[in-house]
Amino acid sequence: MSVGGVVTAAPSRPEVDYAAAPWQRVPIYVIGGTVVAGILLPLVLTRISIGDYLITLLILFFMQAVVAQSWNLIMGYGGIYSFAQVALFAVGGWTTAVLAHSLGWNPFIAMLFAPVVALLAAVGIGLPTLRLRGVYVVLLTLAFHELARVFAVTGPRFISGGGYGLVSVPTFQFGNVIGQQRTIYLYYLAMVIFVIATFVIWRVIHSPLGVAVTALRDSETYGVSRGINQFRIRLILFAISAFFTGLAGGYMTHYNGGISTSVFDFSRLIDLLAMIVIGGWGTFAGPILGAAIIIGLDQYLVAIGDYRALFEGLILAVIAVFAPQGLWPVIRKTYDKYLGPEQQPAPAPASAAAHAETRNEDLK
Amino acid sequence: MSTQFVQAVWGGVLFGSVYGLMALGLTLVWGAVRLLNLAHGALFVVGAYAAYWVVSFLHLPILVALPFGVLAAAAFAYLMHIIFIRPVIGKPGFDNSTLVATVGISIAVSAAALLIFNPQYKVVPPVLSGSTIVAGVQITYQGLLVIGTSLALFAIVYAFLTYTRLGMAIRAVSQQTEAASLMSIPVVQTYGIVIAISGGLAGLAGVLLSPSFFLSPNSGFNPMIQALIVTIFGGLGSVRGALVAGFVLGVFESFVEVFYGVGWAQPGVFILIILMLIVRPNGLFGIGEVKRL
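Listed in order, the protein sequences are those of chains P and V.
Numbering follows my numbering, in which position 84 of the first sequence is assigned residue number 84; successive positions increment by one, without gaps.
Count along the second sequence from 1, add 364, and you get the number used in my numbering.
Chain V extracted, bound-state conformation (with noise of 0.2 Å):
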């Protein structure tokens, strides 16, 4: 009993810090853009094939692989936003615009990933190995980093959108992006950038992750729909809701998973998240803008 506790609160903080720091890039760029970035999967995949490609091709050690992982990433998001992004703001099908085109972008990669790699599973070697006993559970030292380091990001997103200049003009477009533009701040500019730091925070999720997760083309999938979740359940555009929901949700997820089996972990999820919606539509700590998308 003890050890299946240990277990789900160890398995729940670890799920709850991976859900959050998928859904931190998410929030970012809907509270910034007001894009539903479904290619946030696709970014997860380009981050972690990157790193995977510095390992198993040039043989580098996983600490290189790593920033090289986020820079492709986040290089792969600008480009995105330059291409597919840039053009259609401000324009009235921006909505469904982005969303057909996000979507064909995260099916464009997994197919190119399946090109380039083969369909066969890859293991992404860990930051720390190792691993140690409490209480009859396993903690690996990979967790603890992923848990650190998803709290560290946390810390960092929100105090460079509160103290530094680029993070207040990030917090003024996306407030209003009018006025924002007449302080002279360069919208579209702030939003690439917004864009670029959330296809990073996707591509350190996608190294980290492939250790435990194997990596496949369409292993951002399922993170993706969970940060999704994550993100509508803390409210959207809230960075701190995305935090707490990815505790709360990840806890939950993994106390039903231990206590009555895995099959139930994503009902279990769905049903929580319908019953939120319909208590709190706008989520724990939604700004109640829920009109454009």
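For reference, chain P alone in the conformation it holds in the complex (with noise of 0.2 Å):
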């Protein structure tokens, strides 16, 4: 995993080996300008009569993305059938839903523990779950789930709030700052917390951590003969991936002033892993463009009401079985094609690890 060495170039500058260092492809200009549009967006939609409406749109958007991209880090990337993500984002907002409830802490103090807790209650997940394979995984995240839900629901009063949950959280205050002005800060704070996770995802993947995890994914005999920790860095991984669940959830918790227990709904999990699916398994951008895909998609669906669940199963069943990559990958290669610019000859891959490096990093 001699990956890592090359992140801290030298200061003459070599030619840089895109191989190794996949991210350097990214121009900067790409990113910078993203993030300049994602700041000045807001100012543009509020010059427009729907502008509100797409702001919040957005603010979901960034929060179910922050999920959608956790998960698929260890889905996807990690190979672990972990079904534990709703609850973690559970997890997350409950934590600080009883702070700021129960003990009156300040919204953004109490969401700073939300990842936190998460991330521990992961690794309690993670210390008798991530030693198994594929469906022992599925099951005792399942169970996970379903444990955080009944206590969710028949727990002591300040947690389960009756059985429905909590349901007079303090929201986000900025001072005495209302209305429209209150909602572009909140589109900052949630657009700061995706860009953290979206970063953050995006250098795990590619760091050797993310070479390593990807290796035992696809040959996992060779992998741990390589001298890989495999139950370590899967544990790392979880909890990476918990922490920005649990940043999620709190978010998402004073946003909405509250959390039910119908964030325990299956059809919730079905979303998130639609995003997944639709956008593209075990890609980097994959679970961004699912995510909005099914939230853009969502405002319309709403129209057909219960044949939306009907539609959503069918499409991840068939987008599962044939076209198994997703859409990114078919974006990419279009992009590719006609206006990407000329590709450069791989060099051969050395070794079944940078292979599976390689193969697997989809990023733009």
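Note that these hints are calculated values from the structure, not bench results.
Hints should not be assumed to be uniformly reliable.
Stated by the list, open to error - Some chain P residues judged to face chain V by a derived CB distance under 7 Å, without partners named:
#1 Gly124
#2 Leu127
#3 Pro128
#4 Ala320
Claimed, not checked - Computed spacing ranges between beta-carbons, pair by pair:
#5 P/Gly155 / V/Asn586: 42 to 52 Å
#6 P/Lys337 / V/Gly457: 17 to 27 Å
#7 P/Arg232 / V/Leu422: 55 to 65 Å
#8 P/Asn256 / V/Phe421: 41 to 51 Å
#9 P/Pro156 / V/Ser576: 31 to 41 Å
As the structure is a prediction and not an experimental result, all values here were calculated from the model.
For every residue, glycine included, the Cβ atom is placed at its ideal position computed from N, Cα and C.
Fit chain to chain and form the complex, with the hints in mind.
Encoded structure:
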């Protein structure tokens, strides 16, 4: 895993080895431009009539994308079939809700504890679970989901709130700002969380840790024989994933001013799964794309009511079987073919690990 | 005390046979196809609703509806195999694809059930009505039927796998796919048959259970989770394990329920399975091959 060495490039700036440092391929202008666009967007949107609505949609998109990315990190990259993602989201949400609701903490401070507690919970689940494989992980994480739900419904009153969840949690207050200006501040807060989570996940994927985990996913025997501590790597990955999921849970709780036990509904899990599968399982940008698609479509799908779940299930099944790569690789291929720069001939992969990494870096 | 004890044993044996019935299908599919069928609960729902439809819309007796439900679930499972499982057999992403596809199918099925029938709880009439009282505990004849059917099915499946040509083919495919196909066993077709049998078993469970647990579009989910637990407890792919684990877990859950309260039943089972996995990671009768998925 000597890939990390290239990151701290020498002062003389030698030729960048793109195969070893794929993140260098993204021009700084693209990233900078996207961030600036993100900052300016609400200022533009407030000028148009449905702007407020679009901003709230974007906030929702940011949070869902964070959760979907975190899930993709362990599911798509790590090959850990964990279904505890929504439960970890709820752990984060409940942590901050209890701190703000029962102890009267400031929402901004309370929210900082959400990811920490979610991380601790993840380590707690991970210790017995992550030594096992596939189907066992599915079962134990589903069990955790179910236990968390039962606890949230029937637990002590300061947690269950009588069975429906905590419904009067203080929302974020920015001084005396109200109305549209407050929405814009909420948007920026969500964006900051999204940017941090995306950046960290991006770096994790392209760190030695990420390379190790994809190597393990693609050939466990090989990875283990190269001295990768499978359990430790998976636990770290699981903890990172839980951290951001919990953070998103904390934000959403204060954004909505409460958290209800309906977060445990299976449809939430399915929505997130759909984001990952439709966008692109095990690709960096896939879950972000998927979140945008699902949240964008959702506004129209409301009209078809109960048919939504039917279509969602069928689409999931069809994509999983007939286009398991999802949409992102298709978009990327089209981009490379018509708009992208000339392809440099990729150096021959030196080892299976490097191969696994080059195969799975689908970022742009 | 004595009443409570009889109550716990009766409930445990009843639950156990039910769990065993569901787990039998799951474990068969896992053992032969290496497919974790998360749509097993959907097959349960398909069978139960098919029987409900026959009874309440065609006004036929439940004894006609029972085989209809079983066949409907088996046919649905076979269709699922043709459309969603067969295209990915032998492909590298088999685990991912089938996991997501079966989740998707189960969502679609419960949504369809919601659309066709309304969300109200349905009642399927029991095959046998009436009950008797033993030591102060009500023993329903339907419950006895469930236990008897479950035990009989275990015996039939065991004999089928051991003595018939098709059963031997299934075992051959599950042990060595390449060798089996060299012996001119149609591997993919055998997979389809196993999946259909498993669907039929889930459908049967659905029809037999719906009188006691009410029928709703999502009512397959909990039995499926229980069946997963039983399957893992007994060892994935082991028919004997599913039977034993079904009864062990059923009796355990029932005793916890009777003596500590209903709220502790599910946490208790989960704690038991976690302990089990720490002590014996392959389950009671696991074959030790936990590599794929």
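Each hint, compared with the structure:
| no. | hint | verdict |
| --- | --- | --- |
| 1 | Gly124 | 11 Å, violated |
| 2 | Leu127 | 10 Å, violated |
| 3 | Pro128 | 5 Å, holds |
| 4 | Ala320 | 4 Å, holds |
| 5 | P/Gly155 / V/Asn586: 42 to 52 Å | 20 Å, violated |
| 6 | P/Lys337 / V/Gly457: 17 to 27 Å | 24 Å, holds |
| 7 | P/Arg232 / V/Leu422: 55 to 65 Å | 60 Å, holds |
| 8 | P/Asn256 / V/Phe421: 41 to 51 Å | 43 Å, holds |
| 9 | P/Pro156 / V/Ser576: 31 to 41 Å | 32 Å, holds |
In summary, the structure is inconsistent with hints 1, 2, 5 from the numbered list given earlier, while agreeing with the others.
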